[in-house]
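*Asks:* Residue-level listing of the chains:
Number of protein chains: 2
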Amino acid sequence: MPDLTLEDIARLSGVSRSTVSRVVNEHPNVSEGVRERVLDTIKSTGYHPNVAARSLASHRSWMIGLLLPHSVSSIFIDPYFPQLIQGIAQACNQRDYSLGLFLIGSREDEEKIFPRVSRRGMLDGVVVQTGHHGEPLIDRLIESMIPLVVAGRPNSSEKVSYVDIDNVNAAYNAVSHLIRLGYKRIATITGPAESTVGIDRKEGYRRALAERGRTIDPSLTVEGDFTETSGYYAMNALLPSHPDAVFAASDIMAYGAMRAVREAGHKVPDDIALVGFDDLPLPNSPGPPLTTVRQPVMQFSTSAVEVLIDIIENGADPPRRVLMTTELIVRESCGAYLRHK
Amino acid sequence: MPDLTLEDIARLSGVSRSTVSRVVNEHPNVSEGVRERVLDTIKSTGYHPNVAARSLASHRSWMIGLLLPHSVSSIFIDPYFPQLIQGIAQACNQRDYSLGLFLIGSREDEEKIFPRVSRRGMLDGVVVQTGHHGEPLIDRLIESMIPLVVAGRPNSSEKVSYVDIDNVNAAYNAVSHLIRLGYKRIATITGPAESTVGIDRKEGYRRALAERGRTIDPSLTVEGDFTETSGYYAMNALLPSHPDAVFAASDIMAYGAMRAVREAGHKVPDDIALVGFDDLPLPNSPGPPLTTVRQPVMQFSTSAVEVLIDIIENGADPPRRVLMTTELIVRESCGAYLRHK
DNA sequence: GTGAAAGCGCTAACAG
DNA sequence: CTGTTAGCGCTTTCAC
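Chains as they are written, first to last, in numbering that gives the first Met the number 0: chain A, 0 to 340; chain B, 0 to 340.
Source of the hints: derived by calculation from the structure; they are not laboratory data.
Beta carbons are placed, not taken as given, at the ideal position from N, Cα and C, and that holds for glycine.
Just to be clear, a hint being listed does not mean it is correct.
Stated by the list, open to error - Each computed BS3-like pair below joins lysine-lysine, with the alpha-carbon atoms no more than 27 Å apart:
1) A:Lys183 with A:Lys111
2) B:Lys111 with A:Lys42
3) A:Lys111 with B:Lys42
4) B:Lys158 with B:Lys111
To be verified - Pair ranges (Cβ atoms, derived):
5) A:Pro280 with B:Glu193: 22 to 28 Å
6) B:Glu193 with A:Gly45: 26 to 32 Å
7) B:Asp95 with A:Thr44: 32 to 38 Å
8) A:Ile215 with B:Glu193: 55 to 61 Å
9) B:Glu312 with A:Gln298: 40 to 46 Å
10) B:Ser105 with A:His26: 25 to 31 Å
11) A:Arg206 with B:Glu35: 55 to 61 Å
12) B:Met297 with A:His26: 44 to 50 Å
13) A:Glu157 with B:Asp95: 27 to 33 Å
14) B:Asp95 with A:Arg206: 29 to 35 Å
15) A:Glu157 with B:Glu157: 48 to 54 Å
16) A:Glu157 with B:Ala263: 40 to 46 Å
17) A:Glu107 with B:Glu35: 22 to 28 Å
Go ahead and model the full structure; you've got the sequences and the hints to work with.
*Replies:* If you want it as structure tokens, here you go:
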């Protein structure tokens, strides 16, 4: 199948190149008869327009990029990123965009990738995952003027568009649930202090406690890094302070905590209640079903793509902000059922 | 930063467009002085070539596609795919290629994606994951003449290039290990019968047993689908036949089996030994450390990209085949340490 | 409604 | 070693 060109199709259907281009792009000004004729020869020849030529002429590539900074090996142990990738990929398909995936694992990666991404021609826009404080990538992207949407709240409060879930409220609700259940010494295992998710979920915890006039006991807050192991160690660090409930900033850390609780000879939720965050499908999850905050990752991804396309088509001003609400999924680990008996 | 063109750089450095093109593409025929001058103005202006124009003129996009067929929601619960994506992405970076990711979840997806992928202009080549029997995608890709490498052994024994791990031998070695340990009733939980991985690993099991003159007891083979749940049910189905060891075609299924064993009141490895397959990092893994076959996913990915680039540069003939060896990682679940006491 | 013509920004012979 | 000249395959005014 030698690659056909517009020219070929034009000749075969006895019209001009422009006309074929019009029917391919669904322009209104084509008579029905001609349209059908052209469509026929396109179908019968299996013609598809050359993407590069089209991009060059139209300044649109119909491809968007997904940038994942700091993608060290461990990043894919967290179920969040596969899920995000899948969501973005699906949303792209939906809107007839292709997806370019850029995993940035190091400074060199960033240097290699940045030119490809920032310079127009390959990508119409990018969605970039928020990373840690002081990460210059997002600022560089802003400077490059490429249509941009940040997945997650960016650390710097720039005039960027972003889509995020309402982490503060989500954590607030989770902890409030624990308070309502009557727990007195509610601890939290946070995410990394440099990450916005970590910060926001901790803030929600703090706010829920403060609002009921509880003092915040610093010994009841331990930092984790979203890994199972960190949850395990955090829980061990918490144990001497005798928490009766723990809000973990991710399910995986909650499972780590659960393991620590079990090894210490205590039971979840009887001795220590546990609430997690994510509710993403995990390959295997031991112990009692986890009460957790459900993140709408799929809607989140769709929204990010929608916003980006909106920016591509209508410009970046004003910056768009969308905050998605979460849902507390009450299962057994928080002891709600226990208490209701 | 208005997008600069080759022309601009040429004017600014007082040379012709071709010369700039030459230094950008590292052609040898440029004098040192000129090269430096041009490089300087490129650096100072922050110029980057337009990818679309370059592709159009050179018939090379420096982008390859990764196609994942049948990417239903559950596919990302398996740690294999994230790992594969990461490996491919890294290898692409290494070789200065970009990566286009195409998740194909349905027939409509395939129809949408196929033209974008098959028609030259966007992609220089694709690596496609093997799916199930009767999947026409790979054949369609072959027909389209796009440089292609299959990740995993394709079902149809076409003249395709592929990279695979030696599943038969891997399974053979795992089961042989169990035989050497003295187990008499060795069962297996296979992958889906339509998948080549499933078929090959089962064949290795069969071969190991046959070679020692063991009869294959059909009640000791149960099919799973690589999910934890399927491993759990498979083990329950196996229990009445009293296996003393089980080879599961994936770690996740092994964990499911472990759960079933535990619930039945038995212990791993004391009552039933367990060997898995994959050795990929899982967020949380209960029970005794799993003896398993380690898949070299990263090398595998690198190899797939290397082979694809080789094909892009040197043609698809003859078809390349690479088979990677695996390693049996002996931990506790197989009872090797127990038996050595 | 349709065609002609001028690019989009770059590469790649071909001269010199 | 360097510049000139054609395109690559498509979109997009602008006439008709």
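*Asks:* Now look at each hint and say whether the structure bears it out.
*Replies:* These are the hints, each one checked on the structure:
At roughly 52 Å between alpha-carbon atoms, Lys183 of chain A and Lys111 of chain A are farther apart than 27 Å, so this suggested pair is violated. Proximity of Lys111 of chain B to Lys42 of chain A is assessed by CA-CA distance (about 14 Å); at most 27 Å being required, the pair is judged to hold. Restraint check for Lys111 of chain A and Lys42 of chain B: satisfied, since their Cα atoms lie roughly 14 Å apart, inside the 27 Å limit. The hinted pair formed by Lys158 of chain B and Lys111 of chain B meets the criterion: a straight-line CA distance of about 26 Å does not exceed 27 Å.
Look at Pro280 of chain A against Glu193 of chain B: about 23 Å separates their beta carbons, and that is inside 22 to 28 Å. Between Glu193 of chain B and Gly45 of chain A the beta carbon distance is about 29 Å. The supplied range of 26 to 32 Å therefore holds. About 34 Å separates the C-beta atoms of Asp95 of chain B and Thr44 of chain A, a value consistent with the hinted range of 32 to 38 Å. Checked against the given bound of 55 to 61 Å, the beta carbons of Ile215 of chain A and Glu193 of chain B, roughly 56 Å apart, stay inside it.
At roughly 43 Å, the beta-carbon separation of Glu312 of chain B and Gln298 of chain A lies within the given 40 to 46 Å, and the hint holds. Hint check: Ser105 of chain B to His26 of chain A, Cβ distance near 29 Å, so the stated range 25 to 31 Å holds. For Arg206 of chain A and Glu35 of chain B, the hinted distance range of 55 to 61 Å is satisfied, since their beta carbons lie about 59 Å from each other. A hinted range of 44 to 50 Å for the beta carbons of Met297 of chain B and His26 of chain A is consistent with their spacing of about 48 Å.
For the hinted restraint 27 to 33 Å between Glu157 of chain A and Asp95 of chain B, the CB-CB distance of approximately 30 Å keeps it satisfied. Take Asp95 of chain B and Arg206 of chain A: their Cβ atoms lie about 48 Å apart, and the range 29 to 35 Å is violated. For Glu157 of chain A and Glu157 of chain B, the hinted distance range of 48 to 54 Å is satisfied, since their beta carbons lie about 51 Å from each other. The beta-carbon spacing between Glu157 of chain A and Ala263 of chain B, approximately 57 Å, falls outside the hinted interval of 40 to 46 Å.
Distance hint check for Glu107 of chain A and Glu35 of chain B: the Cβ-Cβ separation is about 23 Å, which falls inside the suggested range of 22 to 28 Å.
Going through the hint list in order, the structure does not satisfy hints 1, 14 and 16.
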